[in-house]
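Asker: One letter stands for each residue in the lines below.
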Amino acid sequence: MEFLGNLSLGYQVAFSAANLLYCFIGVFIGTLVGVLPGIGPAGTISLLLPVSYGISPVAAIIMLAGIYYGSQYGGSTTSILVNIPGEAASVVTCLDGYKMARQGRAGAALGIAAFGSFIAGTIGIIFLMFLAQPLSEIAVRFGPPEYFSLMILAMTIVTFLAQRSMIQAIIMAVLGVALSQIGIDIVTGHSRFTFGLQNLEDGIKLVPLVMGLFGISEVLTNLEESVDRTILQGKIKGLLPNLKDWMDSIGAILRGTLLGFFLGILPGGGVIISSFVSYAVEKRVSKYPEKFGTGVIEGVAGPESANNSASSSAFIPLFSLGIPSNAVMALLLGALMVHGVIPGPLLHRQHPDIFWGTIMSMYIGNFMLLILNLPLIGLWVKLLKVPYRILFPFILFFSIIGSYSIDNSVFDIFVMLLFGTMGYVLRKFRYEFSPLVLAFILGPMLENSLRQSLLVTGGSFSIFFTRPISASCLVIAVLLLLSSIFLRKRKKLTPS
Amino acid sequence: MTKQNQVSGFIWLLLGALLCIGSIQLNLGGFHKPGPGFMPFLTGAILVLLGFILMFSGSNGSKVEEGFGVKRFWREKNWKNVLIPWLSLFGYLLLLQPLGFLPTSFLFLFLLFKLTKPESWLEPFLFSGATVVLTYFIFSVWLRCPFPKGMLAFLTR
Chain A
1 MEFLGNLSLG YQVAFSAANL LYCFIGVFIG TLVGVLPGIG PAGTISLLLP
51 VSYGISPVAA IIMLAGIYYG SQYGGSTTSI LVNIPGEAAS VVTCLDGYKM
101 ARQGRAGAAL GIAAFGSFIA GTIGIIFLMF LAQPLSEIAV RFGPPEYFSL
151 MILAMTIVTF LAQRSMIQAI IMAVLGVALS QIGIDIVTGH SRFTFGLQNL
201 EDGIKLVPLV MGLFGISEVL TNLEESVDRT ILQGKIKGLL PNLKDWMDSI
251 GAILRGTLLG FFLGILPGGG VIISSFVSYA VEKRVSKYPE KFGTGVIEGV
301 AGPESANNSA SSSAFIPLFS LGIPSNAVMA LLLGALMVHG VIPGPLLHRQ
351 HPDIFWGTIM SMYIGNFMLL ILNLPLIGLW VKLLKVPYRI LFPFILFFSI
401 IGSYSIDNSV FDIFVMLLFG TMGYVLRKFR YEFSPLVLAF ILGPMLENSL
451 RQSLLVTGGS FSIFFTRPIS ASCLVIAVLL LLSSIFLRKR KKLTPS
Chain B
1 MTKQNQVSGF IWLLLGALLC IGSIQLNLGG FHKPGPGFMP FLTGAILVLL
51 GFILMFSGSN GSKVEEGFGV KRFWREKNWK NVLIPWLSLF GYLLLLQPLG
101 FLPTSFLFLF LLFKLTKPES WLEPFLFSGA TVVLTYFIFS VWLRCPFPKG
151 MLAFLTR
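Which chain is which? The protein sequence lines are A and B, in order. Under the working numbering, think of the first position of the first sequence as 1, with each following residue one higher. Under the working numbering, think of the first position of the second sequence as 1, with each following residue one higher.
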């Protein structure tokens, strides 16, 4: 009964005129950034954070969430039509999607990507609805030791799932924790690593850091070489997949949905890995794996469903534990905190309008996205023709404004430029930034829970190993680290 | 061991060591009552260890890059395309307070648009002017974000 009451509240919130408008703005901007390579959802959400301060917290989170899941829809369009992924999560869609387009089946590829995304997004939201609240009830019982171990596990998973070197990913996570310690120590009031600069007393702000690492460094990297875009010419026909397309794709969509959902919950798992894993699974279960890469519809349906499902389940750790699973969730956490809302186990009790309103708005957003991505596909194709040389000055300029307007501080522009330069150099060394951002967000919570636990036990670390949840998290973290070392050794021994 | 790993490993090692030194100055406290330097010291020590491992690790797990240094950084790349926008950002940072938001933003955008379309004057002028005016109205007038007025401060007195 309580559940139905919550659903009804969620519908009331999501269907209010203002929230419908913000949901539409969010998914529209999301599709736009998904279509346009060079600016991702993290950069866009950072940019729009100041706008969200002026509206209600529920409207803000509805809009920002819309940008996130909307970008997953838009990302497939460029992959299929231009062979350039609009988003990292759509990289694998290029493999078969672009081949389908070249065979005159762009409509079917775009159609199945949109329908698959819709089905996966909707199923993902249903799972989210049923799982987030029970998980919150469990999380209420968490104390500092459980939170400490959970965060250690989260960071370990992020580094374990790193696409390149694990040691480099761990270094990035440690660097993130180190950066989070700059500023006043909230326990003792000491200034730490501020070098006498008043601007650093409150610590480094998340938005300039994210904009620098993800926005500025990406623009600089893109500017190194002129990207040759060959957009598919001619009218796109047949956006509704035929019966055979559906028969071929439905299994891939459902498998992608389940895979994406579970990988999306994991810190760092998210949309990118889920799409790659889904492609690998589809190839493995296929009767004709050799045809993958030549324009097979399952190669589009599976990954596109997986990344949308993952974008829904990524809200579970944020809403139930208060722990963001990726950089975008970290920004949403920041947005809510600015409004005085603390995401975590008590969110559904203290702010049911935000909890249920956001979930319900995601249903509506998915419908809006289906309309935006199918009948309006021509609009996005036109946008793809805007050259990058026109786009990049806007991206740089809006990044400056986004960083400045958070706190009306020129120093934040400096921070953005510093991290942009650092990010550009680190990209050359093949470092990834997701572990850094996640650790930067979790850093203060990690430190507080460690210090509180040690204060309680009088300096004994045994509390982390004697409490079941904490011990389980640490054991899993150690197993992950050991398995990674074992896998690397085996890879070295196996002749290529 | 790649040269790339050696260099980056050494940088992390050095950074970790500096973090440890800074933490000791902050007061480490003890396990029973951790001080403000406790966690930074722990972080610094882990960074030293990881930097050391990276320096002496066989490969970074990714494809080993041949060559290193400035050449590898900008090999076959159009580095002027990177340097000029970077310098423009730096210039924006320096000029924002003395010149003010409107002139600095206009100059910044005009320069970048002009670079990408050197043959035209009108198009960069219109693009930059329209963007700056529109942004000013959205952020300054509507959202009340107080941008630096700089040399145009007399207009609002």
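Among the hints, erroneous ones may be present.
Result set (BS3-like, lysine-lysine): computed pairs, CA atoms no more than 30 Å apart in a straight line [said to hold, decoys possible]:
#: 1; chain 1: B; residue 1: K33; chain 2: A; residue 2: K205
#: 2; chain 1: B; residue 1: K117; chain 2: A; residue 2: K382
#: 3; chain 1: A; residue 1: K385; chain 2: B; residue 2: K114
#: 4; chain 1: A; residue 1: K382; chain 2: B; residue 2: K114
#: 5; chain 1: B; residue 1: K80; chain 2: B; residue 2: K3
#: 6; chain 1: A; residue 1: K428; chain 2: B; residue 2: K114
#: 7; chain 1: B; residue 1: K80; chain 2: A; residue 2: K385
#: 8; chain 1: B; residue 1: K80; chain 2: B; residue 2: K117
#: 9; chain 1: A; residue 1: K489; chain 2: B; residue 2: K114
To be clear, the hints were calculated from the coordinates, so they are not data collected in a lab.
Asker: So, for every hint listed, does it hold in this structure?
Answerer: These are the hints, each one checked on the structure:
Distance check on the hinted pair: B:K33 and A:K205 sit about 28 Å apart at the alpha-carbon level, within 30 Å; holds. The hinted pair formed by B:K117 and A:K382 meets the criterion: a straight-line CA distance of about 21 Å does not exceed 30 Å. For the given pair, A:K385 sits about 20 Å from B:K114 by alpha-carbon distance, which is consistent with the 30 Å threshold. Between A:K382 and B:K114 the CA atoms are separated by roughly 24 Å; this keeps the pair inside 30 Å, and the hint holds.
Simply put, B:K80 and B:K3 have alpha-carbon atoms about 26 Å apart, close enough for the 30 Å limit, and the pair holds. For the suggested pair A:K428 and B:K114, the alpha carbons sit about 28 Å apart, so the restraint of at most 30 Å is met. A hinted pair counts as satisfied when its Cα atoms are at most 30 Å apart, and B:K80 with A:K385 qualifies at roughly 24 Å. Taken as a hint, the B:K80 and B:K117 pair is honoured in the structure, with Cα atoms around 15 Å apart against an allowance of 30 Å.
Restraint check for A:K489 and B:K114: the C-alpha separation of about 53 Å exceeds 30 Å, so the hint is violated.
Checked against the numbered hints given earlier, this structure breaks only hint 9.
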